[in-house]
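Trainee: Here are the chains, one letter per residue:
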Amino acid sequence: MGIHRGHRARPVEWLVEKFIFLVSLSAILMVLLIFLFVAREALPIFLGTIDSALVQDAIPVAQMDKLSPAQLREYLGLTDKQLKEMDRETLRSLMEVRVEGQAEITSEFRNDPDARINTTQWRHLLLPHQWTDYDKPEFIWQPVGQIHKYNFVPLIIGSLKTTLIGLLFAVPLAVAAAIYVSQLARPRLRETIKPAIELLSGIPSVVVGFFALLVMASVLQSIFGYETRLNAFVAGIALGFAVIPIVFSISEDALTSVPQSYTHAALALGASRWQTAWQVVLPAAIPGVFAAVVLGFGRAIGETMIVLMVCSASVMSWSIFDSARSITTTIAAEMAEAVSGGHHYRILFMLGALLFAVTFAANMSADVIIHRLKHRLEGKR
Amino acid sequence: MNSLQKWLAPVCAGSVLFITGTSHAATITAKGSDTMVILAQKWAEVYMIEHSGQKIQVTGGGSGTGFAALQNQTTDLCNASRKIRAKEIEACIKAFGKRPTEYKVALDGLSVYVNEQNPVKQLTIEQLERIFTGKIRNWKEVGGNDLPITIHSRENSSGTYEFFKENVLKGKDFAASAQTMPGTAAVLQAVANDPKAIGYGGAAYGAGAKHLAIKKDDSSPAIEPGEETVVKGTYPIWRHLFIYVNPALDKGEVAAYLNWIRSDGGQKVVKEVGYFPLPDNLRQK
Chain L
1 MGIHRGHRAR PVEWLVEKFI FLVSLSAILM VLLIFLFVAR EALPIFLGTI
51 DSALVQDAIP VAQMDKLSPA QLREYLGLTD KQLKEMDRET LRSLMEVRVE
101 GQAEITSEFR NDPDARINTT QWRHLLLPHQ WTDYDKPEFI WQPVGQIHKY
151 NFVPLIIGSL KTTLIGLLFA VPLAVAAAIY VSQLARPRLR ETIKPAIELL
201 SGIPSVVVGF FALLVMASVL QSIFGYETRL NAFVAGIALG FAVIPIVFSI
251 SEDALTSVPQ SYTHAALALG ASRWQTAWQV VLPAAIPGVF AAVVLGFGRA
301 IGETMIVLMV CSASVMSWSI FDSARSITTT IAAEMAEAVS GGHHYRILFM
351 LGALLFAVTF AANMSADVII HRLKHRLEGK R
Chain S
1 MNSLQKWLAP VCAGSVLFIT GTSHAATITA KGSDTMVILA QKWAEVYMIE
51 HSGQKIQVTG GGSGTGFAAL QNQTTDLCNA SRKIRAKEIE ACIKAFGKRP
101 TEYKVALDGL SVYVNEQNPV KQLTIEQLER IFTGKIRNWK EVGGNDLPIT
151 IHSRENSSGT YEFFKENVLK GKDFAASAQT MPGTAAVLQA VANDPKAIGY
201 GGAAYGAGAK HLAIKKDDSS PAIEPGEETV VKGTYPIWRH LFIYVNPALD
251 KGEVAAYLNW IRSDGGQKVV KEVGYFPLPD NLRQK
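Taken in order, these protein sequences are the chains called L and S. Mapping to this note's numbering: the first sequence position 74 is 74, numbers consecutive. Mapping to this note's numbering: the second sequence position 196 is 196, numbers consecutive.
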């Protein structure tokens, strides 16, 4: 019996291997498809081919015959196929609706310069604008109403504000707990604390949000005495509860996987257990801890329900005691009411693409940093 | 073999048609406004008891979702707490070649709530506009205590939000500091617990907070919200609730159901659920 090497010896194993490969490939493909879908829906915003101005040219129905089919198609926003299938009567009623829609606009808005602005242009999405009725140029997110104000900046700040508060609250606690559990706690204590913290991740975020809305908001307000009861601070702390188990369990893993020889060497040189944990083990585990923080960031910025329940006014302010509206909240709350294929709908997809890009960039740069740190710790250049 | 296929094919097709045909005829689907879900469910319940064999399925999701379902023809009826927009009519025409038919099915009054301890009893529409847009920031400017005003509003996907914005704020933006609450009950709860608060929502809701009397302008009388004042139209903040339907489907069982909703029987349910019934001239006899 000769020695068989490779897959010829175990065809079943080969099959399983290929199968797993295909499964993982399909996961990547899925992510790619989701991104393509989101990007496709947001494309008209990228290209600027959509116009959200309230007042638009309306061609009187009587002039229908003067329009060429191409003009008619463009004016009514039809595809070639739709145009061919429609009879005259249908086209006529489409034109009537367009005229009626314009006729409904009150003279107050008709004379408002804002009514002629296409608010889906990039400069209105990202820069402040002097709107009528406002004292100074401002960033405004007011997507519903006559004039649709789609400025992304309050939402981006809202997302960052709640996420950063959440991380500032969760990371020190989670990392400290991880150091304690992995380095200092006695085995029995460790076996109790670890599952207890990890159990936190099993709490649905709706429940965390509900608890924050009803209990934490009032308690925190009585402690800090701020003006608005529901604000970014409460949301951030509640987000922290969702982030803690993730940061904890990953950094605990990282700390535990530091070779025992490091600990032994430090202790043998006369360092105390605390010194060993703080000065030897933690620095050695930094790439893992960093990865934990990045994953925590991804969880916090992607979390919807907690922020949606606790606060959602789109205030343009960096103060943590003001309300905030995050990108995810906006998408979740507004998608159901957006006219399918309309500008609000496209803008929400644009926000989705933006969120995707942010988390992708965060994970990517984290990966690069972790690699560099690892290399440095291992003494490579 | 060949003859068997020839024989089988029409039978199969026929039975498929038969099954889908009957199930469609027996079930009416209604989708749309979350505000109207309770009302629509109650209608369906009562109607199904009176007409056994008729099935009615009701789902929420928001008026916009209902209109989207209407154009995709995945629902028979669309419940809406706001009027259909021109864009949505266009989409419907593109999808099935006709405008959807609009039926007014109930009235809803919107109340402005303040805390029980607040001495303010009445406000004009203009004062409301200035409060909710953030121009008036202190209760003493409208005759109350020297306290800052906290505004409680609704999520902008809500039909109530949009109605209030169009009709009371005249299309102007809500103050950025307005707190967005997930529902009328949440607005009420917040107002009940905060002496500085002001909020708005259905007139039928109400325990825990004071409903303000509203003046159309400085010279007109202050009117309290209530069935009589809303149905007569003297109370200034009220709206219609609608059902939209694809005209091609508006026949047979669907038409019978719509007629029943607008008859005295359906309007009795409206009152039970807490909205206001249609005035007599809009009812189906």
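No wet-lab data here; the hints were simulated from the structure. Possibly wrong hints are sitting among the right ones.
[To be verified] Simulated pairs of lysine-lysine, DSS-like, Cα-Cα distance not exceeding 30 Å:
(1) Lys285(S) <-> Lys271(S)
(2) Lys66(L) <-> Lys84(L)
(3) Lys251(S) <-> Lys210(S)
(4) Lys140(S) <-> Lys83(S)
(5) Lys268(S) <-> Lys87(S)
(6) Lys216(S) <-> Lys104(S)
(7) Lys42(S) <-> Lys121(S)
(8) Lys66(L) <-> Lys210(S)
(9) Lys98(S) <-> Lys81(L)
(10) Lys84(L) <-> Lys98(S)
(11) Lys84(L) <-> Lys94(S)
(12) Lys121(S) <-> Lys94(S)
(13) Lys136(L) <-> Lys55(S)
(14) Lys194(L) <-> Lys81(L)
(15) Lys232(S) <-> Lys170(S)
(16) Lys232(S) <-> Lys216(S)
(17) Lys135(S) <-> Lys136(L)
(18) Lys210(S) <-> Lys285(S)
(19) Lys81(L) <-> Lys87(S)
(20) Lys121(S) <-> Lys55(S)
(21) Lys140(S) <-> Lys136(L)
(22) Lys66(L) <-> Lys94(S)
(23) Lys84(L) <-> Lys251(S)
(24) Lys55(S) <-> Lys196(S)
(25) Lys66(L) <-> Lys87(S)
(26) Lys83(S) <-> Lys232(S)
(27) Lys135(S) <-> Lys285(S)
(28) Lys268(S) <-> Lys83(S)
(29) Lys81(L) <-> Lys271(S)
(30) Lys42(S) <-> Lys196(S)
(31) Lys216(S) <-> Lys121(S)
(32) Lys136(L) <-> Lys210(S)
(33) Lys104(S) <-> Lys196(S)
(34) Lys251(S) <-> Lys42(S)
(35) Lys87(S) <-> Lys84(L)
(36) Lys83(S) <-> Lys98(S)
(37) Lys135(S) <-> Lys210(S)
Trainee: Straight-line Cα separation of Lys55(S) and Lys196(S) no greater than 30 Å?
Mentor: Status violated; Cα separation ~48 Å.
Trainee: Is the straight-line distance between the alpha-carbon of Lys81(L) and that of Lys87(S) 30 Å or less?
Mentor: holds (20 Å)
Trainee: Please verify whether Lys81(L) and Lys271(S) have alpha carbons no more than 30 Å apart.
Mentor: violated (48 Å)
Trainee: Is Lys251(S) close enough to Lys42(S), meaning Cα to Cα at most 30 Å?
Mentor: holds (22 Å)
Trainee: Hint check: Lys268(S) vs Lys83(S), CA-CA at most 30 Å. Holds or violated?
Mentor: holds (23 Å)
Trainee: Do the alpha carbons of Lys87(S) and Lys84(L) lie within 30 Å of each other, as the hint requires?
Mentor: holds (21 Å)
Trainee: Starting from Lys285(S), check that the Cα of Lys271(S) is at most 30 Å away, please.
Mentor: Given that 30 Å is the threshold and the Cα spacing comes to 18 Å, the pair holds.
Trainee: Below or equal to 30 Å on CA atoms is what counts here, so check Lys232(S) against Lys216(S).
Mentor: holds (15 Å)
Trainee: For the pair supplied as a hint, Lys121(S) and Lys94(S), confirm whether the alpha-carbon distance does not exceed 30 Å.
Mentor: violated (49 Å)
Trainee: Compare the distance between the alpha carbons of Lys42(S) and Lys121(S) with 30 Å, and conclude whether the hinted pair is satisfied.
Mentor: Outside the cut-off at roughly 34 Å; violated.
Trainee: Given the hint that Lys210(S) pairs with Lys285(S), does the C-alpha gap stay at or below 30 Å?
Mentor: Violated - the C-alpha atoms of Lys285(S) and Lys210(S) are around 37 Å apart, more than 30 Å.
Trainee: So if I understand the rule, the pair passes when the alpha-carbon distance is 30 Å or less; does Lys140(S) with Lys83(S) pass?
Mentor: violated (37 Å)
In this structure, the earlier hints numbered 3, 4, 5, 7, 8, 12, 13, 14, 18, 20, 24, 27, 29, 30, 32 and 33 are contradicted, and the remaining ones agree with it.
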